[in-house]
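Trainee: Respectively, the protein sequence lines represent chains Y and E.
Numbers 8 to 294, taken from the numbering used here, label the letters of the first sequence in order.
Numbers 990 to 1399, taken from the numbering used here, label the letters of the second sequence in order.
Taking lysine-lysine pairs in the DSS-like style, the calculated list, with each CA pair at most 30 Å apart, reads:
1) E:Lys1176 - E:Lys1214
2) E:Lys1200 - E:Lys1176
3) E:Lys1211 - Y:Lys21
4) Y:Lys97 - Y:Lys21
5) Y:Lys193 - Y:Lys21
6) E:Lys1176 - Y:Lys53
7) Y:Lys23 - E:Lys1214
8) Y:Lys53 - E:Lys1214
Looking from chain E toward chain Y, a few residues come up when the C-beta cut is under 10 Å (computed):
9) Ala1042
10) Tyr1058
11) Pro1061
12) Leu1063
13) Asp1072
14) Ile1074
15) Gly1078
16) Ser1090
17) Glu1237
18) Gly1238
19) Tyr1241
20) Thr1244
FYI, nobody ran anything at the bench for these hints, they're computed from the structure.
Backbone N, C-alpha and C fix where the C-beta goes; we use that ideal spot for every residue, glycine too.
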Amino acid sequence: MARKLPLIHRYLRKDKKFPTVWCPGCGIGVVLGSLIRAIHNSGLSKDDVVLVSGIGCTGRMPVYVDFNTLHTTHGRALTFASGVRLANPKLKVITVMGDGDAIAIGGNHFIHACRRNIEITAIVVNNFIYGMTGGQFSPTTPTGDISATSPFGNIAQSVDICELARDCGASYVARSTIYHVNEMEKQIARAVTTSGFSVVEVLSTCYSRYGKLNQKGSPREMFRALKDQTVPIAKADGDGRISRGVFIDRAEAAYSDTYQTIVAKAREHDGGEPLPLLNPTRPGGTP
Amino acid sequence: MQETTTEIRFASPKRYIEESLIFKKSQLGEVGFLSGNEACAYGALAAGLSFYAGYPITPSTEIAEILSYRMPALGRVFIQMEDEIASMGAIIGASLTGRKSMTATSGPGFSLMQENLGYACIAEVPCVVVNVQRGGPSTGSPTSPAQGDLMQARWGTHGDHPIIALYPASVQEAFELTMVAFNLAEKYRTPVVFLMDEVIGHMREKVVFPKEGQIPVLERRKPPKGLERFQPFAEDGGLVPPMAAFGEGYRYHVTGLHHDPAGYPTLRPDEINRWFERVFAKIEQNLDEILLYREEDLEDAETVVVSCGITARSARAAARSARARGQKVGTLTLQTIWPFPEKVLRQLGSRVRRILVPELNRGQLILEIQRCVRNPEVEIRGINRLDGGVITPAQILEKLEERSWPGNSH
Ligand SMILES: Cc1ncc(C[n+]2csc(CCOP(=O)(O)OP(=O)(O)O)c2C)c(N)n1
Ligand code: SF4
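Please build the complete structure, drawing on both the sequences and the hints.
Mentor: As structure tokens, then:
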């Protein structure tokens, strides 16, 4: 009897050699599964989806799936994605980034993508560590934790990605974990249908490079801890558990739409005045 | 009708110029009075530029300002990004959707662009990167001319890669070569660096706008529709694979990792080698088209002044004066800096006795010339200036007449 293949197989690349690069017990694959189901349920055509990533274990996600896929440079996924989206507003642009990729080296781009409210969905897989380079601390590594470059404990504060995104102007901001797949799937589905910049932070596990160093138990125990150590926003009571859920969902003017108002203004103005900046007496430059 | 795979579509620049409403119809083929930065911006529009991303920096800013004004009315995209890294990323992303893309910057910004410039090289993404040079390193002299980024344009990004860099010596050339830069980028699927001198960027000169068809406008080759399987990096009968746009139905992978013809990451030495061979060959086998230079009075020249950009203007003036005084001097002005016109220099080296290389740096162009000219009989000397001024014709003339040159005993 032929077994019915799970839905995700319709989205995996048949000509790409598997298995994936990810370690056994890694949480990244779970996110990919949810992402595929969310895209499927949103009714998007494969041709219209562009999946963009930076560099890291998370950054390896796009190569396995049958969309337009773009594996860019470390930290810069949102910059390439912005170009794609503005150049072709028909496309649904989704970025997948690790916590270091999105918030350390890519932090500046993250802030400005939020501020512009550009129509991109950013999925940040937060495993609290730099996985790919062997477990150095990241901007989300909890203070005191051991990593390959903080053998005596991480002395910096960690950043809250969702708060950052909300404060910088993103339209939709939510957090879930790889333990809560249904919740994550719903959040991603909502994110990809939001008109502005949307962020879904997914707490994930890196047993190989983080869990082991910090006595977090087996991969299974690490999955479970994501249940025990998080709480829905409505029930959060300041006991140190991380809140999950939707932080903001607002309809703000999105960048490409606003750009159209500029196009209209420019057209109205066209053929009129010469450029003010063609004035040769314009004062000379400063750095 | 199905598109053919081998044909490159030529469109008329007039269409673009009219469309871009820069000039009244009657002005086509007529003259304008522009700065180099303006000419570059208008040349880009004429070539079909449809996506610009940049970050303001002297002495290139006018290019962004003009485009912020002109692009929206044409329904094209202008965006000011948060920095030059982002600008470079954005133009690559836009190019992958099929748009002709450009950014413009100066030294500090060009330094920031290098990693993503390398990405454009490895992923073979057409784009044009304008660097209106300033004195460096670092913030250097933002408003002074310098030619210190020649080597950076070639080797600024890490790893072996071919690249094309063009260099205008006048405002006229700023217009025309910008169009050529787009054509080469699209035809060879490569980033093209456009090096300008601050003086050219800011000075105003007469520009004769090219007549319709005078400079063709090339579009990138696309794969035919309906292929069973599209291999975005396969040789496909030519060294430059056709390029599908994201969103048109061929869903493929683009990566900065070494990749196989399908675009998937590879560590196989044979696939990596084949990739390197192809991308170098696509440039090296088309030098006839890519190498642009201007020769003056070389037929009987015993001395040749080799230079580029603003320095070439002084070189030509000096050479004419020297000739008037009886010296057999000619000039070679390089409009294509990279790939370096090795053969041209080698042949020149077998004919002339003296080569003088004036440049606004500590000697970058001269290194290449010394590498290419293998004839030990030829004396190669430089004039260098780094203090923010230009090299004058008088300085070059004086150097040409120095007694210490072999054979200058008169
Ligand atoms: C400019 C640059 N600096 C450093 C690196 C090395 N590097 C690769 S991945 C990575 C961090 C990965 O961590 P994260 O982004 O959190 O993703 P993860 O691997 O955990 O999914 C680093 C530092 C690089 N590729 N490029
Ligand atoms: S190193 Fe960590 S993040 Fe990377 S694949 Fe392994 S478990 Fe996953």
